[in-house]
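S.K.: Once you have looked at the hints, place chains E, C and Y on chain W.
The residues making up each chain are set out below.
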Amino acid sequence: MAEFEPKIIAFVCNWCTYAGADLTGTSRIHYAPNVRVVRLPCTGRIDFMLILQAFGQGADGVIVSGCHPGDCHYTAGNFHARRRWMLFRRLLDFVGIDVRRVTFSWVSAAEGAKWAELVNSVVADVRTLGPYEEFPQRLGGPGQKPLEVA
Amino acid sequence: MTTFATAPSASQRRNLYTPHKMRIVKATDEAPAVRTFQLQFVDAEVAARFSFQAGQFGEYSVYGEGESTFCIASSPTRKGYIECTFRQAGRVTSALADRQEGDIIGFRGPYGNTFPVEHWEGKKILFIAGGIALPPVRCVIWNVLDLRDRYQDVSIIYGARTVADLVYKHELADWDQRSDVNLWVTVDPGGQTPEWTGKVGFVPAIVEEVKPRPADTIAVLCGPPIMIKLTLPVLAKLGFAPEQIYTTLENRMKCGVGKCGRCNVGKLFVCKDGPVFTLAQLNELPPEY
Amino acid sequence: MELLRDKAKSLLTGGAVQVVIGYAAGSATDRFRPHFARSADDADRLIFGEGCRQNLAVYLLKPEVRAMGKAAVVGGPTTLRTLLQYAVENQIADGLVVALALEDGRVEELTSFAAVEEYLAQRPHGLSDGDRAELEQHAARSQKDRWAYWSAELARCIRCYACRAACPLCYCEQCITENNQPQWVPVASDAFGNLEWNVVRAMHLAGRCVNCGSCAAACPENIRIDLLNQVLAQEAMTQFGAEAGYSVRKEYALSVFKPDDKETFIR
Amino acid sequence: MSESSILQRASLGAWLEAMGRAGQRVLAPVREADRVVFATPSAPDQIATGFVQTPASAKAVVFPPYDEMLRFRANGEDVHVEEPSIAAEPTVLFGVRPCDAASFATLRAVFTWDSPDAWFEARMASLTVISVSCTQCDEYCFCTSVGGGPGSTQGSDILLTPLDDRRWLAEVLTEKGQAAAALAPQLFAPANGEAANKEKVLAHVPVRFEAKEFAQWLPSLFDRTDVWKEQSLRCLGCGACAFVCPTCSCFDIQDERVRDQGTRLRCWDSCGFRLFTLHASGHNPRHVQSERWRQRVMHKFSYQPERLGVTGCVGCGRCSRACPVDMNLGEHVRMLSEMSV
Numbered sequence: 001m002a003e004f005e006p007k008i009i010a011f012v013c014n015w016c017t018y019a020g021a022d023l024t025g026t027s028r029i030h031y032a033p034n035v036r037v038v039r040l041p042c043t044g045r046i047d048f049m050l051i052l053q054a055f056g057q058g059a060d061g062v063i064v065s066g067c068h069p070g071d072c073h074y075t076a077g078n079f080h081a082r083r084r085w086m087l088f089r090r091l092l093d094f095v096g097i098d099v100r101r102v103t104f105s106w107v108s109a110a111e112g113a114k115w116a117e118l119v120n121s122v123v124a125d126v127r128t129l130g131p132y133e134e135f136p137q138r139l140g141g142p143g144q145k146p147l148e149v150a
Numbered sequence: 001m002t003t004f005a006t007a008p009s010a011s012q013r014r015n016l017y018t019p020h021k022m023r024i025v026k027a028t029d030e031a032p033a034v035r036t037f038q039l040q041f042v043d044a045e046v047a048a049r050f051s052f053q054a055g056q057f058g059e060y061s062v063y064g065e066g067e068s069t070f071c072i073a074s075s076p077t078r079k080g081y082i083e084c085t086f087r088q089a090g091r092v093t094s095a096l097a098d099r100q101e102g103d104i105i106g107f108r109g110p111y112g113n114t115f116p117v118e119h120w121e122g123k124k125i126l127f128i129a130g131g132i133a134l135p136p137v138r139c140v141i142w143n144v145l146d147l148r149d150r151y152q153d154v155s156i157i158y159g160a161r162t163v164a165d166l167v168y169k170h171e172l173a174d175w176d177q178r179s180d181v182n183l184w185v186t187v188d189p190g191g192q193t194p195e196w197t198g199k200v201g202f203v204p205a206i207v208e209e210v211k212p213r214p215a216d217t218i219a220v221l222c223g224p225p226i227m228i229k230l231t232l233p234v235l236a237k238l239g240f241a242p243e244q245i246y247t248t249l250e251n252r253m254k255c256g257v258g259k260c261g262r263c264n265v266g267k268l269f270v271c272k273d274g275p276v277f278t279l280a281q282l283n284e285l286p287p288e289y
Numbered sequence: 001m002e003l004l005r006d007k008a009k010s011l012l013t014g015g016a017v018q019v020v021i022g023y024a025a026g027s028a029t030d031r032f033r034p035h036f037a038r039s040a041d042d043a044d045r046l047i048f049g050e051g052c053r054q055n056l057a058v059y060l061l062k063p064e065v066r067a068m069g070k071a072a073v074v075g076g077p078t079t080l081r082t083l084l085q086y087a088v089e090n091q092i093a094d095g096l097v098v099a100l101a102l103e104d105g106r107v108e109e110l111t112s113f114a115a116v117e118e119y120l121a122q123r124p125h126g127l128s129d130g131d132r133a134e135l136e137q138h139a140a141r142s143q144k145d146r147w148a149y150w151s152a153e154l155a156r157c158i159r160c161y162a163c164r165a166a167c168p169l170c171y172c173e174q175c176i177t178e179n180n181q182p183q184w185v186p187v188a189s190d191a192f193g194n195l196e197w198n199v200v201r202a203m204h205l206a207g208r209c210v211n212c213g214s215c216a217a218a219c220p221e222n223i224r225i226d227l228l229n230q231v232l233a234q235e236a237m238t239q240f241g242a243e244a245g246y247s248v249r250k251e252y253a254l255s256v257f258k259p260d261d262k263e264t265f266i267r
Numbered sequence: 001m002s003e004s005s006i007l008q009r010a011s012l013g014a015w016l017e018a019m020g021r022a023g024q025r026v027l028a029p030v031r032e033a034d035r036v037v038f039a040t041p042s043a044p045d046q047i048a049t050g051f052v053q054t055p056a057s058a059k060a061v062v063f064p065p066y067d068e069m070l071r072f073r074a075n076g077e078d079v080h081v082e083e084p085s086i087a088a089e090p091t092v093l094f095g096v097r098p099c100d101a102a103s104f105a106t107l108r109a110v111f112t113w114d115s116p117d118a119w120f121e122a123r124m125a126s127l128t129v130i131s132v133s134c135t136q137c138d139e140y141c142f143c144t145s146v147g148g149g150p151g152s153t154q155g156s157d158i159l160l161t162p163l164d165d166r167r168w169l170a171e172v173l174t175e176k177g178q179a180a181a182a183l184a185p186q187l188f189a190p191a192n193g194e195a196a197n198k199e200k201v202l203a204h205v206p207v208r209f210e211a212k213e214f215a216q217w218l219p220s221l222f223d224r225t226d227v228w229k230e231q232s233l234r235c236l237g238c239g240a241c242a243f244v245c246p247t248c249s250c251f252d253i254q255d256e257r258v259r260d261q262g263t264r265l266r267c268w269d270s271c272g273f274r275l276f277t278l279h280a281s282g283h284n285p286r287h288v289q290s291e292r293w294r295q296r297v298m299h300k301f302s303y304q305p306e307r308l309g310v311t312g313c314v315g316c317g318r319c320s321r322a323c324p325v326d327m328n329l330g331e332h333v334r335m336l337s338e339m340s341v
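Residue numbers (this note's numbering), protein chains in the order written: chain W, 1 to 150; chain E, 1 to 289; chain C, 1 to 267; chain Y, 1 to 341.
Mixed in with the good hints there might be a few duds.
[Stated by the list, open to error] 25 Å max Cα-Cα, derived DSS-like pairs, lysine-lysine: (1) 229(Y) to 62(C); (2) 267(E) to 200(Y); (3) 250(C) to 262(C).
[Claimed, not checked] With the Cβ distance kept under 8 Å, some of the chain C side facing chain W (calculated, not the full set): (4) 12; (5) 15; (6) 146; (7) 172; (8) 175; (9) 191; (10) 261; (11) 265; (12) 267.
Just so you know, these hints were derived from the structure itself, not from any lab.
For glycine and all other residues, C-beta sits at the position ideal for the given N, C-alpha and C.
Pulled out of the complex, with its shape left as it was, chain W reads as follows:
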């Protein structure tokens, strides 16, 4: 059986982490291709529901990353996000969702190397955790069990 290739979704802020990831590419730094990057204006706009939607559509791991505190293009987006993440992570853990599959980080536009290292380590961690089969899949999605046809 081919080795399990985890699907990782990364929600990143446009001004820092997305630029950082871009720098990773222009610096020819190789990193695991399992990540799919979704760009949002700010971590303040990265709604916690996006994380649930990602898992509900087949993701095995999620990365949420943005500007370091103090660097936010909108001044306070990442500060609010941090508080939300602190509460949301506790709720996910309490409900029994595997919080090891959700990674929060700050990656600035200059930290191309950190982005590569972050993605590689997340992919490695999630690969050991295996596919996230127990998370309920969204109805209508590829994760749905086959239909008993008329």
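M.R.: Coordinates of chains E, C and Y only, in the frame set by chain W:
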């Protein structure tokens, strides 16, 4: 991955919620955010068996977004296709508005009752419509005009907020040319453009100005609630009896077949006992529409 | 009970308020129902007891009740905390509501947010020992057991939204579940839709919930959804020292931040 | 068509096993945590006793909270559509109350009039209802006001009445009932006169109003907005009453999509919700809670009796037990019916 069997052909279908596939053969932009689709059934067998009457509606679906309820805007006298006109308002209509010619959408119907056009033979017909409510009236207009000799005078009073909001602009021009149709097109005060030659004023005011005579006349009246509320007294003053006035109600609908329970006005289901009602019937219903 | 009824009558006959929102006897001996007393006779039906659990502050935002004029609302500390959270969220103006705080048979009339704040300051804060113990017991389970419990419990949710209707702080004109472009929270009561709804409900109340228990009391499936709010309230307390409904200062856990908020998991 | 016999309660296990061997899924009231729910009992003693009514109804057997109506996948301009099979699992619903048995007639009236619903018909056809008469009731029950009763046989294939804690009087009422009894004929002994004892053990459910007479009178109350407003002041507008109700059949049709594939679902809906009648223009024919409460009462006690000839309510009391603010339908309807005097 499962192999997808195509849906069983119409005849075996017992699941009444599965739509027929229809292809968009022509898409026209009538007004800002208002489009008309001309649709043909993909399955020839369904096309052959399909028939409808003026006033009936259907559930038009965009797979993945849902279904929307519009009347069939074309006349039953025109074979081989149906038309629908809709305004982009919510999730489904926005998805519909993005569709191009050649795309496939779903259609369930025809549902609901009809305008009793055959009983109106030999009478004068007065059509009054406002804004996006012309489509449910237009299907009756063409039905009558395609059998023009069976009816006396045909008058059409149609108004919209602005000139750009008028739908079926080219058909309005056709009706204007015809000698056997009296047409008054109006725009709300302030909605006219410098080149505008039609009337200016709200539809109720224009009806008052035209002073249609009720004798031996059937009135078909559709428009936004405010227009209906202000036009009915005018017709009453002119002597129109509630039995002579027909309208079609627009309620939120999901199933279209009298099951999902939401489109009732009093004890009547608009999808089964309507959507076409006479004013006399509406007057007996509680004010729940 | 007599104290409450007399207080209500004096407020009503004196014209201080036009309606006293309290409880009256219900369909069975153990059932009580919200009661809108607008006359002295109505006031005679007011009672208060162990089974009175629906947070009556929820009615203060209903148009039908607002149309009655100035209201007095009966309740315990969580109802009072709801009033202060309403104040913080600009839902009701000071002086528009009279609170009738009930505790071991005594009735205290509080006519301003400041009075409510002071009354609450002398009462115990945070989760009760019972709530905390129950929460710890749930949290102490293994991750697998927690998921087994919650995925089974949330799968039973029938999405009747009684939790949302009963919660005084769930007052959005158009709830996120009613947005369908896109339909974030699925309409069907499947496993994913239920998980999404219950997490969204808890998160949208994070730092705002006053732990009145109306949601769990309203749930026809008896799902302990109040635990999801309590764990967030506890976390907001330990992480930010923030507790909803104890002050009129315009801040609560997620509406403000501190540049040096400490956390242990962000890389 | 009904023949009575005696069934030893101790022999229930044998009967249930016979049903299982015959490929029937058995659902019965089972105690789970602090609640009684419909589930497959692993043993007969698991079937709950000593309760008046289950919190949720059994309608999910024929009208589940959500149903997949079709699946689709985009294919360029075209769409592949796939329909789920209509086949239904043969099921025995054991231990429901006479009011629940009667409720299937209301659902059948809605789902089969005019254009029959394929799933409902298939599920009803493969359902056998074995109900147990009520020997106790509570303040919320009012089946006797809506044409039912603690020992009513309406809608049941077999009605069991507990004569004492050892024996049931078994009334086999339909072919399905005969087929179920025929799975273990040896368990049924002749009743020889025991049927007369049935009335003695039944619960006494006070009659609160007379539904037929009330149905005539109710339409004239439509315009009494003061009455509807006063009754529904405390109603919070949730869907608990509709979702626990055995005869509520209103549903929503929603599409779920993930990228290029998805499914069309039928989901439970309630007339108490704001979106139920909201027009795209923002107009809402029933925009305040008192109008929605009026619709609930009118639909069950006037429209359905008049249009479909069935009661819209079987008086099981679930909505009143489940309501967060103790809206008691039986009490409210009694008040409305007394207004007519």
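S.K.: Hint by hint, say whether it matches the structure.
M.R.: Comparing the hints with the structure gives:
1. 229(Y) to 62(C): Roughly 13 Å between the alpha carbons, so the hint for residue 229(Y) and residue 62(C) holds.
2. 267(E) to 200(Y): 41 Å, violated
3. 250(C) to 262(C): Measuring from Cα to Cα gives roughly 22 Å; hence the hint holds.
4. 12: 43 Å, violated
5. 15: 45 Å, violated
6. 146: This interface hint holds because 3 Å falls under the 8 Å limit.
7. 172: 15 Å, violated
8. 175: This hint is violated: residue 175(C) lies away from chain W, its Cβ roughly 13 Å from the closest one there, beyond 8 Å.
9. 191: 3 Å, holds
10. 261: Hint on residue 261(C): holds, closest Cβ of chain W at ~6 Å, below 8 Å.
11. 265: Since chain W brings a Cβ to about 6 Å from residue 265(C), closer than 8 Å, the hint holds.
12. 267: Given a least distance of 4 Å, the restraint on residue 267(C) holds.
In this structure, the hints that do not hold are numbers 2, 4, 5, 7 and 8, in rising order.
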